[in-house]
Amino acid sequence: MELILALAIGVLTGSGVWLLMRPRSFQVIIGLCLLAYGVNLFIFSMGRLYVGAAPIMSKGGFVDPSAYADPLPQALVLTAIVISFATTALFLVVMIASRGITGTDHVDGKEREQ
Amino acid sequence: MVEQNLLLLLVLTPFISAALAATLPVGSRNAETWLAGLTMVVALGVLAVLYPSVAEGGRIIGKVEWASSIGLDLTFRIDGFAWLFMVLVAGIGMLVLLYARYYMAPDDPVPRLYSCLLAFAGAMSGLLLSGNIIMLVVFWELTSIVSFLLIGYWYQRQDARDGARMAFVVTASGGLCLMVAMILLGQIVGSYQLEDVLTAGPTITSHRLYPVVLVLFLLGAFTKSAQFPFHFWLPNAMAAPTPVSSYLHSATMVKAGVFLLLRFQPALGGTDAWFQLVTGAGLITMLMGAFVALFKHDLKGLLAYSTISHLGLITALAGIGTPMAVIAAVFHIVNHAVFKASLFMAAGIIDHETGTRDMRRLSGLARAMPVTATLAIIASAAMAGVPLLNGFLSKEMFFEATYVWNNGSPLDNAAPYVAVIAGALSAAYSLRFIVAVFFGPAATDLPHAPHEPPALMRLPVMLLVAACLGIGIAPQALLGGWLESAAMAILGPDLPHFSLKIWHGVNPALIMSLIATSLGILIYLVPRRWIDQGEEGLRITRALDFGRAFETALQFLTVRLPRQALKLTSAPGLQAQLRVMVLIGMAAAYFALGPLDWNIPLPEINSRELVFALLWLIGGGCALAAAWQAKYHRFAALILMGGAGLVTCTTFVWLSAPDLAVTQLLVEIATTALLLLGLRWLPKRNVEIPGDNNLTSRFRRLRDLLIAVTCGLGMTAIALAILLTKPGNSIGDWFLRHSYVEGGGTNVVNVILVDFRAFDTFGEISVLAIVGLTVYGLLRRFRPAPESVERPRPQVEAEEQALEAYLFIPAILMQWLFAPIIALAAYLFFRGHDLPGGGFAAGVTFALGLLLQYVASNVRWIEARLTILPVRWMGAGLLIAAAVGLGSWIFGAPFLTTHYQYLDLPLVGKVPASTAMLFDVGVFSLVVGAIVLMLIAIAHQSLRVSPRVRSADPEEPN
Numbered sequence: 001m002e003l004i005l006a007l008a009i010g011v012l013t014g015s016g017v018w019l020l021m022r023p024r025s026f027q028v029i030i031g032l033c034l035l036a037y038g039v040n041l042f043i044f045s046m047g048r049l050y051v052g053a054a055p056i057m058s059k060g061g062f063v064d065p066s067a068y069a070d071p072l073p074q075a076l077v078l079t080a081i082v083i084s085f086a087t088t089a090l091f092l093v094v095m096i097a098s099r100g101i102t103g104t105d106h107v108d109g110k111e112r113e114q
Numbered sequence: 001m002v003e004q005n006l007l008l009l010l011v012l013t014p015f016i017s018a019a020l021a022a023t024l025p026v027g028s029r030n031a032e033t034w035l036a037g038l039t040m041v042v043a044l045g046v047l048a049v050l051y052p053s054v055a056e057g058g059r060i061i062g063k064v065e066w067a068s069s070i071g072l073d074l075t076f077r078i079d080g081f082a083w084l085f086m087v088l089v090a091g092i093g094m095l096v097l098l099y100a101r102y103y104m105a106p107d108d109p110v111p112r113l114y115s116c117l118l119a120f121a122g123a124m125s126g127l128l129l130s131g132n133i134i135m136l137v138v139f140w141e142l143t144s145i146v147s148f149l150l151i152g153y154w155y156q157r158q159d160a161r162d163g164a165r166m167a168f169v170v171t172a173s174g175g176l177c178l179m180v181a182m183i184l185l186g187q188i189v190g191s192y193q194l195e196d197v198l199t200a201g202p203t204i205t206s207h208r209l210y211p212v213v214l215v216l217f218l219l220g221a222f223t224k225s226a227q228f229p230f231h232f233w234l235p236n237a238m239a240a241p242t243p244v245s246s247y248l249h250s251a252t253m254v255k256a257g258v259f260l261l262l263r264f265q266p267a268l269g270g271t272d273a274w275f276q277l278v279t280g281a282g283l284i285t286m287l288m289g290a291f292v293a294l295f296k297h298d299l300k301g302l303l304a305y306s307t308i309s310h311l312g313l314i315t316a317l318a319g320i321g322t323p324m325a326v327i328a329a330v331f332h333i334v335n336h337a338v339f340k341a342s343l344f345m346a347a348g349i350i351d352h353e354t355g356t357r358d359m360r361r362l363s364g365l366a367r368a369m370p371v372t373a374t375l376a377i378i379a380s381a382a383m384a385g386v387p388l389l390n391g392f393l394s395k396e397m398f399f400e401a402t403y404v405w406n407n408g409s410p411l412d413n414a415a416p417y418v419a420v421i422a423g424a425l426s427a428a429y430s431l432r433f434i435v436a437v438f439f440g441p442a443a444t445d446l447p448h449a450p451h452e453p454p455a456l457m458r459l460p461v462m463l464l465v466a467a468c469l470g471i472g473i474a475p476q477a478l479l480g481g482w483l484e485s486a487a488m489a490i491l492g493p494d495l496p497h498f499s500l501k502i503w504h505g506v507n508p509a510l511i512m513s514l515i516a517t518s519l520g521i522l523i524y525l526v527p528r529r530w531i532d533q534g535e536e537g538l539r540i541t542r543a544l545d546f547g548r549a550f551e552t553a554l555q556f557l558t559v560r561l562p563r564q565a566l567k568l569t570s571a572p573g574l575q576a577q578l579r580v581m582v583l584i585g586m587a588a589a590y591f592a593l594g595p596l597d598w599n600i601p602l603p604e605i606n607s608r609e610l611v612f613a614l615l616w617l618i619g620g621g622c623a624l625a626a627a628w629q630a631k632y633h634r635f636a637a638l639i640l641m642g643g644a645g646l647v648t649c650t651t652f653v654w655l656s657a658p659d660l661a662v663t664q665l666l667v668e669i670a671t672t673a674l675l676l677l678g679l680r681w682l683p684k685r686n687v688e689i690p691g692d693n694n695l696t697s698r699f700r701r702l703r704d705l706l707i708a709v710t711c712g713l714g715m716t717a718i719a720l721a722i723l724l725t726k727p728g729n730s731i732g733d734w735f736l737r738h739s740y741v742e743g744g745g746t747n748v749v750n751v752i753l754v755d756f757r758a759f760d761t762f763g764e765i766s767v768l769a770i771v772g773l774t775v776y777g778l779l780r781r782f783r784p785a786p787e788s789v790e791r792p793r794p795q796v797e798a799e800e801q802a803l804e805a806y807l808f809i810p811a812i813l814m815q816w817l818f819a820p821i822i823a824l825a826a827y828l829f830f831r832g833h834d835l836p837g838g839g840f841a842a843g844v845t846f847a848l849g850l851l852l853q854y855v856a857s858n859v860r861w862i863e864a865r866l867t868i869l870p871v872r873w874m875g876a877g878l879l880i881a882a883a884v885g886l887g888s889w890i891f892g893a894p895f896l897t898t899h900y901q902y903l904d905l906p907l908v909g910k911v912p913a914s915t916a917m918l919f920d921v922g923v924f925s926l927v928v929g930a931i932v933l934m935l936i937a938i939a940h941q942s943l944r945v946s947p948r949v950r951s952a953d954p955e956e957p958n
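Line order of the protein sequences matches chains F and D. Residue numbers for the first sequence follow full-length UniProt numbering, beginning at 1 and rising by one. Residue numbers for the second sequence follow full-length UniProt numbering, beginning at 1 and rising by one.
No lab work stands behind these hints: they were computed from the structure. You can trust all of the hints, since none of them are fake.
No more than 30 Å apart at the CA atoms, straight line, and that leaves these computed lysine-lysine pairs for DSS-like:
1. 726(D) / 59(F)
2. 684(D) / 110(F)
3. 631(D) / 684(D)
4. 567(D) / 110(F)
5. 631(D) / 110(F)
Using the sequences and the accompanying hints, generate a full structural model.
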């Protein structure tokens with residue numbers, strides 16, 4: 001389980017980073033999304049992996065924290081998901097606005113001189 | 001307790017009034033004046049009430065608890081000295097505000113002026129009443145900021161902008177020095193309370209850091225009080241409207257520096273270094289200021305340099321530091337404020353009524369405006385130090401202080417001579433002001449015909465001149481008590497007996513005064529023609545004006561140097577920058593983690609995990625394929641990315657994070673919809689980009705691939721290493737234990753978001769709102785590329801009929817689904833506190849429901865039936881969240897404290913109800929607003945473009 005998730009994080013991050021350094025703005029936006037998945041999973045996994053132990057309590061009584069998944073990374077990732085949506089939206093708009101103004105979808109606003 | 005609250009009131013009222021003043025309509029000069037004047041009257045009233053407690057060395061200390069756990073409390077403190085200064089701030093403030101009503105032109109935006117002036121009064125009050133030395137610096141910098149805004153009031157003028165910038169850079173840099181000095185002081189003394197610092201004099205002066213503290217402290221005080229060599233900003237600040245010059249740059253703000261010198265004299269003073277530096281700077285400034293003032297042709301320029309000179313006098317007195325010198329300094333602060341404020345106002349009146357401030361053009365105004373002339377003549381006589389006026393008394397005390405006390409150093413031996421020469425120059429420029437402006441033949445070439453100003457404009461000047469006369473004739477009766485209280489506050493209770501008298505008999509001070517005055521008359525009258533019409537001073541004095549050197553230095557530091565640095569350090573283009581960033585990140589991770597002991601036992605994969613492995617085979621494959629295809633096949637890449645997202649979502653379900661899974665799934669839908677909407681505006685990618693397959697491009701890709709693979713491997717290693725170690729104690733345990741007991745909810749993730757860490761969530765939804773508005777703002781001025789403007793190819797090729805029927809069945813289904821989706825959103829929302837769901841999830845669901853309607857039908861059709869005002873949703877969301885947070889203050893609890901209980905509703909059963917849920921309503925509303933705003937703003941672009949295309953169509957030759 002751990003190994004698979006670690007590999008998954010690696011693949012997502014690697015694909016994201018590669019796209020991040022590409023010249024077309026759409027590539028960068030996809031890259032950021034993939035990177036976000038990778039990073040979110042990474043932060044989430046810092047609480048370690050639990051199967052069938054969602055942090056939903058019984059009402060009252062003694063609570064044994066080791067029987068539940070760590071809720072803190074989950075709360076962090078939840079906000080991260082929403083914020084990464086917002087940044088994607090912002091970047092998308094910057095991208096299409098820049099394309100409208102400069103006439104190209106190159107990240108620098110002009111094609112590379114060959 | 002009442003008195004402590006009154007102290008707080010003194011500081012807060014001006015700020016509240018400033019906020020009110022800013023909201024009044026542009027032309028409302030009268031309303032502004034009433035508001036501001038009443039604020040000052042309130043302040044004066046409070047001061048009158050407080051006087052008995054601060055007289056005779058008393059003080060009031062009020063404390064507002066703020067962050068006591070880290071030793072940060074707002075301490076306010078008033079004693080006789082601060083009280084006297086406050087009277088100046090409020091009293092002269094009131095007169096200036098009245099004067100400004102008549103000075104400002106009807107088309108000047110007065111709310112800005114009044115609001116800034118009131119904010120200045122507040123900042124100054126805070127500075128004077130701070131009981132904590134760090135807080136003092138904060139208010140100190142606040143006065144610099146407000147001064148910047150006020151000097152730049154007529155920002156359309158170049159000189160106003162330059163003057164404002166210069167004043168700000170000089171005084172704010174001094175403020176930074178002061179802050180360092182205060183921090184060091186606090187460390188030396190072991191307390192940041194003013195009270196403790198003032199009584200720790202011996203500890204401070206014997207500390208090895210004393211010279212550093214002293215120099216930094218003096219840099220702060222000298223820059224503010226325009227002491228040589230930092231004096232040059234003050235003349236340039238005269239670009240401000242005259243009420244501002246009169247209030248800030250002569251009567252109050254520039255006195256903050258000398259206030260600080262006198263205030264900290266018991267703590268930092270009494271050493272030889274203090275005397276040499278402070279008195280030295282004071283005497284040089286006094287002499288230089290008086291000399292330059294004599295040659296200025298601009299009325300305000302003359303007054304500015306005269307102010308510099310008088311500030312030098314007070315500084316010199318603070319440096320001498322004997323009890324009589326301190327009393328003289330406080331006395332002169334008051335006297336100078338009174339006569340200089342009135343002179344500035346008189347200069348403003350002359351400027352206002354004649355249209356010029358140039359003394360070479362002004363002449364014989366005594367005939368045209370006799371009352372103003374009389375007032376101005378009395379005030380400048382006070383400035384010159386003529387007997388029976390207030391300036392005479394404090395100047396005489398100054399003369400006395402320079403010769404009575406002597407420590408034998410050359411500076412102290414020279415002091416009396418410097419004082420007499422400066423006094424003579426001061427008499428000379430005062431005389432010049434009187435003679436050149438008011439006497440002689442009537443001027444002929446003035447822009448306006450001079451006449452008396454409105455009576456109310458003159459009233460403030462009249463009152464101040466009356467004060468000059470009153471203090472000059474009956475000093476002990478009018479000011480003796482206040483002065484004694486002020487001096488006691490600085491020096492402690494054992495004050496030598498003093499009495500302010502006009503006639504002390506023939507003593508050295510009187511003789512010095514007589515010499516100075518007669519010499520002054522000679523200095524002006526003998527070379528009069530040369531001074532009146534010649535250049536502005538000698539070459540050497542012009543060279544001493546460091547304004548130009550300052551501009552050159554600033555140009556170098558803010559333009560040339562950064563440009564050079566940029567040339568050296570910047571990378572061309574975003575790709576190279578990102579690459580460097582990634583590499584730095586990798587290097588940082590390597591150096592941080594490299595030395596650790598990596599001993600990872602490789603786990604075995606059992607059969608149950610095989611499904612998980614298969615899942616990620618798909619997910620990873622999707623991610624890699626998306627990375628591969630994103631350049632030429634955007635749509636495919638988008639779908640593949642969605643695949644990776646769905647696998648991520650499944651992973652969350654698998655690994656006990658239902659909340660994350662719900663949110664991820666919903667956000668995934670929204671992201672995909674968003675990107676689909678954006679695809680249309682990108683260039684067609686049917687042919688290969690030129691040069692895409694040549695050698696350099698291939699090399700670049702290979703290099704980036706290596707970096708990316710290394711990144712991925714690194715992340716895998718780190719993640720695996722952490723996952724395979726046993727977790728220690730997590731703060732998550734605390735949340736698990738207390739979620740139900742203290743938060744009243746069983747879904748811990750949601751309780752963390754809306755209760756334990758609600759403030760973070762509040763910040764986060766604010767970010768969302770900002771992004772939403774930015775997207776909206778950016779798209780309002782959107783200009784698409786010409787080739788994207790025409791309708792997409794499938795639409796053009798399809799028949800009109802087919803287009804109508806397109807999505808016919810799905811559209812009906814989507815319309816039917818609207819109500820169930822809203823119900824689902826409500827369901828997610830209400831169960832949120834106890835089960836997976838919550839405001840975020842519900843908000844995104846609701847927004848998607850709306851989006852579906854847009855997809856299903858014609859935008860115009862839908863908008864005719866459904867009014868959505870996303871900005872209001874967002875505003876309401878923020879307001880609700882903030883109001884819930886503030887609500888807890890009513891019950892005396894900290895911001896965003898929640899209260900909860902279960903409600904028993906008929907039919908529904910027990911429902912969790914807590915204030916956190918109201919907060920969640922805010923989150924919900926904001927998320928709906930922001931997402932709808934973004935999606936609809938992008939979707940609307942096609943609508944905005946189409947009419948233009950249609951109108952262009954007929955022109956095309958068919």
